[in-house]
Amino acid sequence: MPNYQIKFTPAENFFFGGEKHSKNSKGDLETNYFVESNPYPQQTTLLGVTRYYLLLKNSEVFKDNKIQDKTKAAKIIGESSFDFGNVSGNYGKITSISPLYMNNGIENYFFAPLDFGACMDKNYMLSKEIEGVVKNYTAKNQDKFIQQRLISSTGKVSNLSDIITEVSQVGNEKTANQTEKENAFYKQNMKRLAKDWSFVIDAEIAEGANITDEIVFIPFGGEKCFFRMEIKENPAFVPTLPESYTRKCFAIICLSDCFLRNTALLDTCDFAVNKVVSFRNIQSKTAITTQYNGLSVHNNEQLQRSNRFNLLQRGSVLYFTNKEPFDTVRTAIESETRCKNIGYNAILTITNP
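Numbering-wise (this note's numbering), the sequence shown opens with residue 2 and increments by one.
For each label pair, taking beta carbons as the anchor points, the in silico distance ranges come out as:
#, residue 1, residue 2, range
1, Cys120, Thr269, 19 to 29 Å
2, Phe227, Val134, 44 to 54 Å
3, Leu57, Ala333, 35 to 45 Å
If you're looking for bench data, these hints aren't it; they were derived computationally from the structure. Built from N, CA and C at the ideal position, the CB exists for glycine as well.
Please construct the entire structure, taking both the sequences and the accompanying hints into account.
Right under this line is the structure:
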């Protein structure tokens, strides 16, 4: 089955995720004052834009930004967005998408272990050279030990904070009522991607989807942001840990955010360097949703919000001294095939400490 590398390069500032709405006492959605963009798109957003692109490539089922033939559309993009309750996990011609990675115009980078750059002794104590002095981990210098970084398979490292920076702006929701307008005032933290960098995924897409190597501009994320979308048939990117990252124990490294159904399994780790990220996605159903510019808790024809889940953040590392609990947790993560098929629950392991 063909694999396509899909690169997303923002035309300007961009906005992903961040909850702009909350429920009031009546159960209706309200606007929050402060809106924070996530630094990168979550996997469900990447799946969504890929499904939208496939619709654009099939004008007989999608015209004037509307689905014309729901039955044919379901065969191309599946019956619904990602949902933990969707047993089939079928997305039409899309067999799977990879975890998000990045490209600087020269080579690919994936999300490094959060403790990359630090050494670990047999007692799980982290140590690192900081300002010319080797120091052991303390809560005071946590930010220097545990960072979200990008790393290439050749060992080149970039700090995510140097690549994705913050841009603040203010805005107002459109309304004729002055009081409502004042209440709808909000501040946004949008993001900017450094020159030459792009967000990237690999997508396995079946024949018959009308996919060709091309470059298009497409709305992606919030606030009507546009991205340059480059599609090219290519072998899939396979992340590998550099030789400099060594650990003398069994380890599970999260390449993507990971859903662990039985969170009690985390207690079987001897040690972990991990963070938790909140997950909630916007959902639509091919046969039912007709209003894509609205978000409702009552109207099934509008977009819906999923339940909230907590995931292990990409870069998290789980350490074990014994193989049995290591195998149990690894199996629990990898068995969530619905998550794996859209780029969640991707891991690397250290099995020969």
